[in-house]
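Chains as they are written, first to last, in my numbering: chain A, 1 to 661; chain B, 1 to 299.
A portion of the hints provided could be inaccurate.
Unchecked claim - Label pairs and their computed distance ranges (CB to CB):
1) A:W55 x B:H155: 54 to 62 Å
2) B:S238 x A:L635: 49 to 57 Å
3) B:E240 x A:L59: 45 to 53 Å
4) A:M37 x B:E56: 29 to 37 Å
What the hints assert, rightly or not - Computed list of chain A residues with no C-beta within reach of chain B, every gap over 10 Å:
5) M1
6) S35
7) M37
No lab work stands behind these hints, which were simulated from the structure alone.
Glycine included, C-beta positions come from ideal geometry on N, C-alpha and C.
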Amino acid sequence: MWMAPAFLAGLVAIGLPLWLHRFARRTDERRPFASLMLIDAAQVRRSRRHELRYWLLLLLRIALLAALAVAFAGPLLPRRPDAAVAREAQLHLVVMDVSLSMQRGDSWSRAQARAGGIIDALRGSDRGMLVAADHRIRVLQEAVFASDAGALRAALATLRPGAARLDYGSVLGAAASLASGAGQPVVLHLITDLQASASPARFADLQPPPGVTLDVVDVGSDGGRNLRVADVVLGRAGELDVRLDGDLPAGNARELTLRIDDVQRGRRLLDPARAAPYVESFQVGDLGEGEHRIVATLSPGDDLAADDAHYALLRRVEPRVLVVAASTQGDDASYLRAALGALDAPRFRVDVVDAQGLSRRALADYAAVVVADAGLLAAPAAELLRRHVSGGGALLLVLGERTLQQRNVPVGGEIVTRGPAAARDARVGEVEQSHPVLRDAGDWRVLRFFRHVPVTPREGEQVLLRLDDGSPLLLEQRLGNGRVLTLASALDRSWNDLAIHPQFLRFVAEATAWLSGSRAEGVTATVGQVVTVSLGGRAGAQVFAPDGRRALMLEGTAGELRLAPDQPGYYELRGGGRSEWIAVNTEPRESLLARLPPERLAQWRALRAQPVPPTDAVAAPASPGSWLPLWFWCLLAAAALAFIEPLVANYHLAVRREQAT
Amino acid sequence: MTGATANSLLLPEALSALANLELVARCAVEGFFHGLHRSRRFGFSQEFAEYRAYVEGDDPRFVDWNVFARTDRTYIKRFEGETNTRLMIALDASGSMGYGSGAVTKLRYGKFLAASLAYLANQQHDPVGLLVFDAALRTFRPPSSRAGSLPGLLHALDDAEAGASTDLETALASLREHHSRRGLVAVISDLYCDPAQLTRAVRPLAHSGHDIMVFQLLDRQELAPAWRESVLLEDLESGESRDVSPDFLANEYPARLRDHLEGVRKAVAELGAQHALVVTDEPLDAALRRYFLFRQRQG
């Protein structure tokens, strides 16, 4: 078997030394000499020895070229030429459940012991592979033979359970790819605590993949009681409600502690007589403006102590919004001021200026800018706003009567279609409800639009609302590090009836909050969940894990980061001279210690592996995994021959030149 | 002219540039004597030494006619340096003498040496003859000190070409037939023959009272082959060729050559003759010096 048999063509090069020796060995050039009287007797014997050395040198050279050609061709040797023994050999996939629930009691030590036993039982022809499974499947040690079982044990010794969740369905799905190409039967040893919540939604997902025999190793224990902090939310005025879930341990007094921004703000002894779930309220008063980190902790720890703390974030911010209108007393300014001022979460502080006053304002102080009619913006003002948005600012542009006079929408840059504005009774035809601004915005189709500014979206611009004739009504585009929302109809009764519908307040609130990033709740996630973090125009921002290490980031864009947290606590996003926090908690389902019912487990174990497709059955023995590559040894032999050849050649031929006469 | 310059003129490569063999001989001999600073014994000045009665074969030029006029007797003037030795030069012109790894073959070097010896003898008014041989006698010129004999001898030398195999025994036997009077015989050969054969060839001459000096000419490549690889050697006499390994040439051949040279030396010494091994890349004066040392010992 060869990896690249085309390289065997290099064996043709063997002809080179044969040719050279054939011609070099014969000395056809006659040299005159006075007399051979003194030469005759010894000549024959010497030539024979000579001949032998020539042959040795020739063989060395042929072997060198052959070893090189064979090394590049990549010879493969069957690891076990005995077919019967090869059939018996198995690949043992030792899959360790490293989810949060494995931290309970002595589950982990039992799991390590059972895994060690499986590794010790590997026979000489068997191979073992160690895999850790929680929200992701990680191969800790590639398949090795029993003789290299030390590598498996070393990897096992350093493995610890984490804080993420395991789904058995994902384990069996990954096993299919791990087993493919093994070239031998696979035994999947799943070492787990058989947590019921780890079951996939579909029972069929528990079926072993083709060619895989499932061995479920139970290392869990029954009868565990676990209480966890489920949530911390704002309650009535000045109160924080801590919701508890699970089982209160009988006879053990437990205490709930609340800390806000690293300061203890309350302690409460839990009543064992109460049944969970229940809520404990803490009076904390006005927390003040800003982002607050709230940690609720249960002590002492129960069977599963890892979920005894809950991390929450609460934002109390009053972002400033600048409204630009033709007149500070105009209808549009009044509508916008009233809509923004009516919001409670977040609570906006609204300033209104006319177009001339825009340049006198420090735009960096405002979380968002709302322009009542984009046509108000002269070129300098438009350029000022464009720079502001490109640097990470947010802008809500409303297109009105004055915009119709422009060729392009200022700042936004959309092309304004020439001619009178569409004047008919139009309604909303398409709504992009997946967008955060429109997700809870109600039914836009009840609104009536009498006029709008027909615009052509720019490349890459997203249309969130379209009228029933397909005209864009609400558009969103990224401009540098910032965002621009463009509403192609004025806030005027003669243009539409938006201002008299509740829809108006929701839209203004959601659009401004989304643009300014000023939601009341902070960013929260569970371990293993992918979180998208907006950088808000901050260059060089970094994220640090709760233990202080820099967090590994997933692929992201220039304006946002994608994070997959692997531990509970607060992740800190630093950059642009300020910090933001991301609260990460354990997966709630991991706190449920209920085990898989025996009958369910029996059904699972009774599931037979799917039959191996005939094509796979034929292909398996030819898998590269069952062959031993020999190219390295061939290359080593070539190197040794290359070292010996000049020595022999020098000794034999000396220097092929005559001494100076 | 300094001694070094004179010696450089005696290098075989320098002499080979001279087309005329007589000129070669004159340069070699005069250069040699210039380097010796002329001694009474070895010089060939024309200072009067003695008179002696004229005998048949003497050059009539040396008859002192004044004495003849006064006394009516013919006397020959003898000069300082004259030895009245009949020199016979036997030059081997076999195929093996045609070998040379450098600019000068052994045969050409032998011609230089023979010409120099002849020129020297001529200057001392000694009769000098020449025998060129290979497997057989090819040229023979009896010893003569007559005017004009030297150019003829040199022409004969010049005409000699490397021929077939060597038969020293036959060649020297024919010499004995043509040259019965005692004298000095200079044998110039590479002596690729069995020492016993050499003994058989030379012994009759030695028993006839000749003083014999054997110049054995060898090329540097014959003494120490420099080939470091297998080489196909072709015998210049037989045409036979053999593939020879560098090991053999480096180890066994020198021993064999050493044994051969020792055998030759012993054979020559047993006959009371003088042996001189001459390497063809040496200056010619080295060979001439040995010749004069030999002559000195012969008295």
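Beyond 10 Å from every Cβ of chain B: is that where the Cβ of M37 (chain A) lies? Check fails; 5 Å does not lie beyond 10 Å.
Is 49 to 57 Å a correct range for the gap between the Cβ atoms of S238 (chain B) and L635 (chain A)? Since S238 (chain B) and L635 (chain A) have Cβ atoms about 54 Å apart, the given range 49 to 57 Å holds.
Pairwise beta carbon distance, W55 (chain A) to H155 (chain B), judged against the given window 54 to 62 Å: 57 Å, holds
Beyond 10 Å from every chain B Cβ - status for S35 (chain A): 4 Å, violated
Supplied distance hint 29 to 37 Å, evaluated on CB atoms of M37 (chain A) and E56 (chain B): 45 Å, violated
When you look at the beta carbon of M1 (chain A), is every beta carbon of chain B farther off than 10 Å? 44 Å, holds
Consistency of beta-carbon spacing, L59 (chain A) to E240 (chain B), with hint 45 to 53 Å: 33 Å, violated
In this structure, the hints that do not hold are numbers 3, 4, 6 and 7, in rising order.
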